[in-house]
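Colleague: Please model the complete structure; the sequences and the hints are all you need to start from.
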Amino acid sequence: MIRFLFRRAAQGAFVLWAAFTASFVLLFLLPSDPVLTMLGADGQGANVDPVEVAALRTEYGFDQPVWLQYLSRLGAALRGDFGHSMSTGAPVTTEIAAALPATGLLALIAVCLAVVIAAGIAIAATSTSHGWLRRFLLALPPLGVAIPTFWLALVLLQIFSFRLGLLPAFGAEGWTSLVLPAITLALPVSASMAQVFASSLDATWGSPFVQTARAKGARRPRLLTRHVLRNAISPALTVAGVTLGAVLAGSVVTESVYGRPGLGRLAEQAVAAQDIPVVQGIVVLAAAIFVIANLGVDVLQARIDPRLLSGGAR
1 MIRFLFRRAA
11 QGAFVLWAAF
21 TASFVLLFLL
31 PSDPVLTMLG
41 ADGQGANVDP
51 VEVAALRTEY
61 GFDQPVWLQY
71 LSRLGAALRG
81 DFGHSMSTGA
91 PVTTEIAAAL
101 PATGLLALIA
111 VCLAVVIAAG
121 IAIAATSTSH
131 GWLRRFLLAL
141 PPLGVAIPTF
151 WLALVLLQIF
161 SFRLGLLPAF
171 GAEGWTSLVL
181 PAITLALPVS
191 ASMAQVFASS
201 LDATWGSPFV
211 QTARAKGARR
221 PRLLTRHVLR
231 NAISPALTVA
241 GVTLGAVLAG
251 SVVTESVYGR
261 PGLGRLAEQA
271 VAAQDIPVVQ
281 GIVVLAAAIF
291 VIANLGVDVL
301 QARIDPRLLS
311 GGAR
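Per the UniProt record's numbering, the sequence shown starts with residue 1, numbered consecutively.
To be clear, the hints were calculated from the coordinates, so they are not data collected in a lab.
Simulated restraints on C-beta separations:
# : residue 1 : residue 2 : range
1 : Arg-303   : Thr-88    : 41 to 49 Å
2 : Pro-91    : Pro-208   : 55 to 63 Å
3 : Arg-222   : Val-299   : 27 to 35 Å
4 : Pro-208   : Pro-235   : 12 to 20 Å
5 : Pro-221   : Val-15    : 39 to 47 Å
6 : Val-15    : Val-271   : 16 to 24 Å
7 : Leu-30    : Arg-135   : 46 to 54 Å
A virtual CB, placed ideally from N, CA and C, is assigned to each residue, including glycine.
Modeller: What follows is the structure, encoded as structure tokens:
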């Protein structure tokens, strides 16, 4: 188990480095100047004081060679220091810490809802004896995957907020304000989970040990709860780990549409303002959450199937 965890931790460290490096390269490839954007200047910088521009370049290290900027930022990131926001002047960690709880709560509710929806569709589709119902249920996940998050959010707003007036459209006041954003995030994610879980359930139902138990007179509900679910859950767990990354990515659009504070909205504002320290901090945090979630999934899978510890099942 120690070697297994060490391998996963090494992979996680590589993912974090790759996320930091990719964000650094992409941000510095942008054609606009972050200092001029910060000052609200036009593309040529004709409306600002050159002395002020030079001072800000020095303050944020933009006057250094790119390779030195990269090493300096990487070293600071390893110490947990992402600098200060170019927009507000506040420490990046403070900005992220203020936005994280709202997105964390929304993501948790969305993931739980996605798991319930996916499990319900997959179990119902693979357990029913009615062919038409199975075909109908299995047609839902591909449709869900194809739905754009932005479009889904607008449709839910139009129906449940503007027409029926059942739920608030914008803001973060009370639990009811979480309903539509959580559904918006959960539906597309649950679709991919349902596809994988249904395929895994079908394969498990057709396995020899299930057929043997059925021949001995075991009833279908008992087979499902005692044998099938336990053996079919491993692929679904893998998708559940990836799901968290999809939810965090979807929160950028969702929080913007619903006017909710959180990491997604902070990321959108930081990208628009070319606030490099904040963008890098959010990217690394999202990668860290993704790594931790997948490490937890790997440990669960290893407990369910010990062969994974030696790589035998992979």
